[in-house]
Amino acid sequence: MLPLPPAKLPQWDSNPDTLIDAAKAVRVTPRAQKLSGHAYPPDHRAHIPPGQTLKVPPHLAYMPELPGFTSILSEAPGATGMARARTTGYWQPRPLPARDTDSVSLARLRRDFANRPPLRFSEGERMRLDVGHTNIPHEDTAHYFVTWHFMGWPVAQRVPQDWMAKAGTVRAIAAATQTGCKGDQSCPQSGIWQPHVVDEAHPLSRTLGTSSLESEGWKWQAFVEKGKRMPGLRAKGLPVDDAQVDWRLMLAGESGFDGVVAS
1 MLPLPPAKLP QWDSNPDTLI DAAKAVRVTP RAQKLSGHAY PPDHRAHIPP
51 GQTLKVPPHL AYMPELPGFT SILSEAPGAT GMARARTTGY WQPRPLPARD
101 TDSVSLARLR RDFANRPPLR FSEGERMRLD VGHTNIPHED TAHYFVTWHF
151 MGWPVAQRVP QDWMAKAGTV RAIAAATQTG CKGDQSCPQS GIWQPHVVDE
201 AHPLSRTLGT SSLESEGWKW QAFVEKGKRM PGLRAKGLPV DDAQVDWRLM
251 LAGESGFDGV VAS
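Once you know that position 59 of the sequence shown is 59 in my numbering, the rest is easy, because the numbers rise by one and skip nothing.
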């Protein structure tokens, strides 16, 4: 349990669990990855079932990229014409590098394809593209500036379970902040901080080296006010100097009681 923060507390909502939860350490808990394909309807080529992700099976790991269109003058091997899917699955369209001679319309199409999601094609199916309001012309040759990259098949996402969060021992958060502070410096922002010992040669790096579920850094979290000196772990019995500790701001807050409801 974290010590009560020294800052002025919000008005309590009289619920004992509020105080208990607010005094718990916080931990980044893995969550299922959200893909752009999850938002598409089931009949769309870009649709990926929720809870699933794309994975390339080992035997297809070296699937070569496919040119969007191959002319009879091309040096690329294979049949001429528009590309056909070599195997059923999801294929990512990527534009070829831009050229100084590109027309305005072609430059616009390249921008449209910068973040296109993978699309599902069956084996042997012609890989034709449509781009919203800037549709590629129906001529096959319009696909010459696109290459296709195999992204795999949908598989269930495997999300590690944080049993301590499920048991209520720690509070789950989606992500820590990017704010850091050395152990021998003053705190740049009020909130809950977690120590890390990143020097692999130090014996504590095994338990305090990362923010993964295996890390024990949550046990040494502390609420620190802006301008105050970061806590010294040696004073808590850990054999490490302040300068060897990197602190990460896990949860920003002036009171440390995120979630306390004012009445």
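For the record, the hints were derived by calculation from the structure and aren't laboratory data.
Just so it is clear, CB atoms sit at the ideal spot from N, CA and C, and this is done for glycine as well.
Some hints here could point you the wrong way.
[To be verified] Derived pair list, reagent style DSBU-like, types lysine-lysine, alpha-carbon separation capped at 30 Å:
| no. | residue 1 | residue 2 |
| --- | --- | --- |
| 1 | Lys34 | Lys24 |
| 2 | Lys55 | Lys226 |
| 3 | Lys55 | Lys24 |
| 4 | Lys166 | Lys219 |
| 5 | Lys24 | Lys228 |
| 6 | Lys219 | Lys182 |
[Stated by the list, open to error] Quick list of the computed label-pair ranges, beta carbon to beta carbon:
| no. | residue 1 | residue 2 | range |
| --- | --- | --- | --- |
| 7 | Leu96 | Leu60 | 40 to 50 Å |
| 8 | Ser36 | Val104 | 25 to 35 Å |
| 9 | Lys166 | Pro64 | 42 to 52 Å |
| 10 | Ser205 | His59 | 46 to 56 Å |
| 11 | Thr88 | Pro50 | 53 to 63 Å |
Report task. Quickly compare the C-alpha distance for Lys34 and Lys24 to 30 Å and report which way the hint goes. Result -> This hinted pair holds, its Cα atoms lying about 28 Å apart.
Query raised in the report: If you draw a straight line from the CA of Lys166 to the CA of Lys219, is it 30 Å or shorter?
Result: Holds, at about 17 Å.
Query - Range hint 46 to 56 Å (beta carbons of Ser205 and His59) holds or violated - result: 38 Å, violated
Query raised in the report: Is it true that Leu96 and Leu60 lie within 40 to 50 Å of each other by Cβ?
Result: About 23 Å separates the Cβ atoms of Leu96 and Leu60, which means 40 to 50 Å is violated.
Query raised in the report: Given the proposed pairing of Lys24 with Lys228, does the C-alpha separation stay at or below 30 Å?
Result: 21 Å, holds
Query raised in the report: Given the hinted pair Lys55 and Lys226, is their alpha-carbon gap at most 30 Å?
Result: 44 Å, violated
**Report entry** Verdict for Lys166, Pro64 (Cβ pair) under range 42 to 52 Å
**Finding:** Since Lys166 and Pro64 have Cβ atoms about 44 Å apart, the given range 42 to 52 Å holds.
Query raised in the report: Holds or violated: Lys55 with Lys24, Cα cutoff 30 Å?
Result: With Cα atoms ~37 Å apart, Lys55 and Lys24 exceed 30 Å; violated.
Report task. Take the C-alpha atoms of Lys219 and Lys182, compute the straight-line distance between them, and say whether it is at most 30 Å. Result -> 18 Å, holds
**Report entry** Range hint compliance [Cβ, Ser36 to Val104, 25 to 35 Å]
**Finding:** 27 Å, holds
Query - C-beta pair Thr88, Pro50: status relative to the range 53 to 63 Å that was hinted - result: Because 21 Å falls outside the window, the suggested range is violated.
Violated hints for the displayed structure, listed by number in ascending order: 2, 3, 7, 10, 11.
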